[in-house]
Amino acid sequence: MKEYKVDKLKCAGCGACIPICPHQAIKFDNDKKVIIDKEKCRQCGKCMEVCPFNAIKYE
Amino acid sequence: MSKKIKKITIFSGINKFGKKENFNKIEIKSGETIAVVGPTGAGKSQFLYDLERLAQADTKSKRKILLNDKIPDKEWKIDPKKKLIASLAQSMNFLTDLPVEDFLKLHIQARGKVANQNLIKEVIDEANQITGEPINLEMNLLDLSGGQSRALMISDLANISISPIILIDEIENAGIKKEQAIKILVEEGKIVLIATHDPSLALNTDKRIVINNGGVVKIIKTTLKERGIAHYLNWIENSTLEVREEIRQGKRIKDIKLFCEKI
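Sequence order for the protein chains is R and U.
Residue numbering for the first sequence follows our numbering, beginning at 3 and increasing consecutively.
Residue numbering for the second sequence follows our numbering, beginning at 21 and increasing consecutively.
Derived by calculation from the structure, the hints in this document are not laboratory data.
Don't take each hint at face value.
Claimed, not checked - Label pairs and their calculated CB-CB ranges:
hint	chain 1	residue 1	chain 2	residue 2	range
1	R	Lys-34	U	Gly-166	56 to 62 Å
2	R	Lys-29	U	Lys-141	26 to 32 Å
3	R	Lys-29	U	Lys-274	23 to 29 Å
4	R	Asn-56	U	Gly-61	34 to 40 Å
5	R	Lys-4	U	Met-112	49 to 55 Å
6	U	Glu-262	R	Lys-4	36 to 42 Å
7	R	Lys-29	U	Arg-264	27 to 33 Å
8	U	Lys-274	R	Asn-56	28 to 34 Å
In this text the structure is predicted, and so the values were computed from the model without any measurement.
Note that beta-carbon positions come from the ideal geometry of N, C-alpha and C, so glycine has one too.
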């Protein structure tokens, strides 16, 4: 099944996706990049749209 | 009590060549933030002026403004106490020789509210979320820096002013956290229009009205991607502000925090 994933090389850790997520599924990881909680994610795709670095992929 | 303005409608006028503007009407709803963009001298300030005047085809642009789908009452235009529209311009400064606390008390009372410590504290706390140089109640208004004055004016507009419509002409270069400033105003349900050249500010709005040669040429709805880019630009600017503040305080700069802790 397809899911939203963060490309850690591209993620700048700016956090633009965190307040956009309607399901609070995104948070900072220990390495100061974001991670998506698969349990909470409802696949709306807003994080992918908002990311200034195209660091979120759907695959 | 603040007048309930649910909608502003702007009917098109003419540009500086006498040609009709490239729209029929623009509707702005309460809680929306609009950027007014375009080259220097394009007519951004005239656009804000038309709103401030509640123009009825009686300014050089011939635009017409409706509030809640009606022609605004004449008294809104004449009576300054109605304070429907508040303006904030780049060159504005406090000219009163008063401590911050006394000024806020006076202003709160003048607006018919109770000047309790909670409200005063809220105004200061929110102003301090906007400026990197903390303001306290004992400071004299005349001693505030440009950034502190701006921050206090914006927090004052959000928390004390009854005006439902806020017009801002250029808040860049003031050394304030602009994203936070807009957030505070919008949370109070105000309609905010900002004439600006600042990219992070222009993209942190719902729509932007593009003006050239005295007329509106385009209305662009902000995309999510643009919001994300604005967030990133703001993040960099806020880091710059922190370094700026440390330099002002005579500190040595050891590193730059390239991590967005506050959302």
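Consistency of the hints with the structure:
1. The hint said 56 to 62 Å for the Cβ distance between R/Lys-34 and U/Gly-166, and at roughly 33 Å that hint is violated.
2. In this structure the hint that R/Lys-29 and U/Lys-141 lie 26 to 32 Å apart at CB holds, the actual value being about 31 Å.
3. The hint said 23 to 29 Å for the Cβ distance between R/Lys-29 and U/Lys-274, and at roughly 28 Å that hint holds.
4. Under the hint 34 to 40 Å, the C-beta atoms of R/Asn-56 and U/Gly-61, about 36 Å apart, fit the expected range.
5. Separation of R/Lys-4 from U/Met-112 is about 53 Å and conforms to the stated range, judged on CB atoms against 49 to 55 Å.
6. The hint said 36 to 42 Å for the Cβ distance between U/Glu-262 and R/Lys-4, and at roughly 40 Å that hint holds.
7. Between R/Lys-29 and U/Arg-264 the beta carbon distance is about 29 Å. The supplied range of 27 to 33 Å therefore holds.
8. Checking the proposed 28 to 34 Å range against U/Lys-274 and R/Asn-56 shows it holds: the Cβ atoms sit about 32 Å from each other.
Checked against the numbered hints given earlier, the structure breaks only hint 1 and satisfies all the rest.
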